[in-house]
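Undergrad: Chain by chain, the residues run as shown.
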Amino acid sequence: MQTSARLLPWLAGLSVLCLTAGGIWGFFFTPDDFRQGSTVKIIYLHVPAAMMAINGWIMMLVTSLIWLIRRHHVSALAAKAAGPVGLTMTVIALVTGALWGQPMWGTWWAWDPRLTSFLILTLFYLGYIALWSAVEDPDTAADLTSVLCIVGSVFAVLSRYAVNFWNQGLHQGASLSLDKEENVADVFYLPLLVCIAGFVLLFVTLVLLRTRTEIRARRLQSLLARERMA
Amino acid sequence: MPDLGKYAVAVLGSYGATVFLLAVLVGVSLWRSARMRRALREVEARQGTTHG
Amino acid sequence: MTALLLRDLRLATRAGGGFGLGLAFFLLVAVLVPLGVGPEPALLARIAPGILWVGALLACLLSLDRIFALDFEDGSMDLLAIAPIPLEGVVAVKALAHWLVTGLPLTLLSPVLGVLLNLPGPGYVWLVLSLALGTPALSLIGAFGAALTVGLKRGGLLLSLLVLPLYVPTLIYGAEAVRRGVDGQGAPTALLLLAGITAGAAALLPFAAAAAIRVNLR
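Residue numbers (our numbering), protein chains in the order written: chain A, 1 to 230; chain B, 1 to 52; chain C, 1 to 218.
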């Protein structure tokens, strides 16, 4: 609690800084792409949000494992805190993707593998959050959601490959791998990096803040229980 | 304001939607945090148990 | 284990056990879809594999919450948990029982519904094969979902929200096997992948489900 209290303002400040800097840089000071026109500016939101949506799930998987193996309570609460944040990120990625797809592909939505897997990821997030809110006893809820998260991860990966098998897509491949020729050009790359840093920091900040809220909620519950006993 | 050409709606829409969604997320997180902090302080004051 | 299987089957087939409900639902889906999209044979033939698979999946979903709920309520689950057979085995047997009363009849009924939906000739073999290989996975995944929600008062809706995303790979490979079977190319690949999912689910999910039940029994 103390460490996170000291870290929190710094993280919040840094994420605001990176987001504004990256956003302004990306929005005002980057050239238009010769094929995509000004829509290329959406990349500064779309790519970081999509990355954090997936990383958020991975973080939930890791914290769930820590909870199941080491019974570290804060770990379970951090997983719970990350759920809605990750869900928001998937929604942002989907919405910006639709707005980008409309002028570029002539359609808001296509049953493209990447888009479809993202929609499925959204469903996984929804199920996970719903299970958290449905179970009353906190330890039971933590156990059940952790198991769901692990099984869900396996099936999410399976779905990814199944969806690839099912349809070839419109979406381009990875735009940020380190060893490929088709990466985005530097003019777009640098502000994108700043934006990604901003989204990562924002994610960490929000998860910390929400975890602190969850810890307080736990303490409140136990204090109230003690009051009822007395 | 940069010239966005014919794609202004898409670009501004994306930025708008993202800012809105993030603002809602941050707002809800902050609001819940503040509310929980207040509730906890109340109960702690009532019971005289303050630490951490 | 055999005794448990027979007991579950008897309970399911007795009145009020919900046996046949899934079948009737499956039939209704196959009747309602042509009413909704129009009777044009070519269109029906194209969407038949998908409709039949989605129908089978939803019919399977209907009876999932019964897998553990009754035993959990009357306390038999506590007895099963301390019984000499491991809880993982109990889960597997119950999933098998569920498959025998839903998945297997659905598979056997599906060619008839294929006729209703004007499924092209070469599709029938693949339809029956893919359902036979795929529905066990549906029962196993469903048993896992039911194990997660068994302690909840109104778990039914949540159960579908949790289970349906997990059904995605099975559905894709299953329907794809039939569609490719109709086109006459590449169906065995999809079928093998489907069988792989079923085998993987049979090997791993009983452990996850048993863990969830132990948590819920605490």
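Calculated from the structure, these hints are not laboratory results.
None of these values were measured; they are calculated from a predicted model.
Just so it is clear, CB atoms sit at the ideal spot from N, CA and C, and this is done for glycine as well.
A couple of the hints might just be wrong.
[Said to hold, decoys possible] SDA-like, lysine to any residue: derived pairs with alpha carbons at most 20 Å apart: (1) B/K6 x A/V157; (2) B/K6 x A/Q102; (3) B/K6 x A/V204.
[Claimed, not checked] Distance windows between CB atoms, simulated: (4) B/A45 x A/T20: 37 to 45 Å; (5) C/K153 x A/I58: 27 to 35 Å; (6) A/I58 x C/G89: 27 to 35 Å; (7) B/A39 x A/S133: 12 to 20 Å; (8) A/F28 x B/A39: 15 to 23 Å; (9) A/T20 x C/P86: 30 to 38 Å; (10) A/I69 x C/G89: 19 to 27 Å.
Undergrad: Which of the stated hints cannot be reconciled with the structure, identified by number in ascending sequence?
TA: 1, 3, 8 and 9
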